[in-house]
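Please model the entire structure based on the sequences and the hints provided.
Protein chains in written order, with my numbering: chain A, 1 to 114; chain B, 115 to 227.
For the record, the hints were derived by calculation from the structure and aren't laboratory data. Ideal placement from N, C-alpha and C gives every residue a C-beta, glycine not left out. Warning: the hint list may mix true and false statements.
To be verified - One-sided excerpt, in silico: chain A residues whose CB lies under 7 Å from chain B:
#1 G42
#2 L43
#3 H45
#4 G96
#5 A99
#6 L102
#7 K106
Residue strings, one per chain:
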Amino acid sequence: SQQGEEDPQALSIQEGENATMNCSYKTSINNLQWYRQNSGRGLVHLILIRSNEREKHSGRLRVTLDTSKKSSSLLITASRAADTASYFCATDERLGGGADGLTFGKGTHLIIQP
Amino acid sequence: DVKVTQSSRYLVKRTGEKVFLECVQDMDHENMFWYRQDPGLGLRLIYFSYDVKMKEKGDIPEGYSVSREKKERFSLILESASTNQTSMYLCASRDFRGADTQYFGPGTRLTVL
Chain A
1 SQQGEEDPQA
11 LSIQEGENAT
21 MNCSYKTSIN
31 NLQWYRQNSG
41 RGLVHLILIR
51 SNEREKHSGR
61 LRVTLDTSKK
71 SSSLLITASR
81 AADTASYFCA
91 TDERLGGGAD
101 GLTFGKGTHL
111 IIQP
Chain B
115 DVKVTQSSRY
125 LVKRTGEKVF
135 LECVQDMDHE
145 NMFWYRQDPG
155 LGLRLIYFSY
165 DVKMKEKGDI
175 PEGYSVSREK
185 KERFSLILES
195 ASTNQTSMYL
205 CASRDFRGAD
215 TQYFGPGTRL
225 TVL
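Here you go:
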C-alpha cells in the first residue's frame, strides 16, 4: 500500500537555486525518511526525521515535518547538477513477523540545469 | 558501509522461463525486501523476509516466490516469467535492532520478451 505522495512530480531548476519537494501522507507515523535515486540505480537514504521532530538538517538538506498536516518537505539548497535524481519520501509501516517496512511515494524527479 | 548486491544489473528472459534474482547483503541484517519499481507506480513491495527461512507476502506477491536459506541471501523467483513482469527489481535490507533505514541494492532491470 502506498501512503506518501510527493509533489511536484517533476521539477526543473537552474544550478545554484534551491529545490523544494513536498510529501503528504495519510496515517500516523513514527518517522519519515527521504531517499534519492539516480537514474537506473538503487535508492540511497538521505535523512530520517522522527515524529517528535519538526526540522532536521544534513549538509545542504533541510527536512521539515508537520504531523498535524501530515506533510513533510525536503529542501536542497544551492543545487548542483549532480543533484539531478528522483527523490522519494517513505513512511514506516508495521509488517508481519514483527518486521518494519516502508511505504514509498511515487517520487519527485528533479532536474538541475547547468 | 552496508553493501547490498544484486546478481545482475540487466536481464533479458523469455516468456515462460524460470527466473532467479539474487540479493546478498554483508551486514548481518535480519530483514530483507524485494520491490518492483514501475513508472507512475513507484515502489511496490513484493515479498519480505524477517529472518532465515521466514517470509511474508507484500502487496503484489502474485507470480513470485522467494527463498531465504541463509541470512545474507534473499532470492526472488519468477516461476514462469510473463511480459507484465518486465520491471526494475530492487532488493533492500534493514537491521532489525537499528534505525529504520533500508539499504538498497543497485537494482536489476528485467525485460521479459
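Here is how each hint holds up against the structure:
no. : hint : in the structure
1   : G42  : 4 Å, holds
2   : L43  : 4 Å, holds
3   : H45  : 5 Å, holds
4   : G96  : 4 Å, holds
5   : A99  : 4 Å, holds
6   : L102 : 6 Å, holds
7   : K106 : 4 Å, holds
The structure fails none of the hints (numbered hints given earlier).
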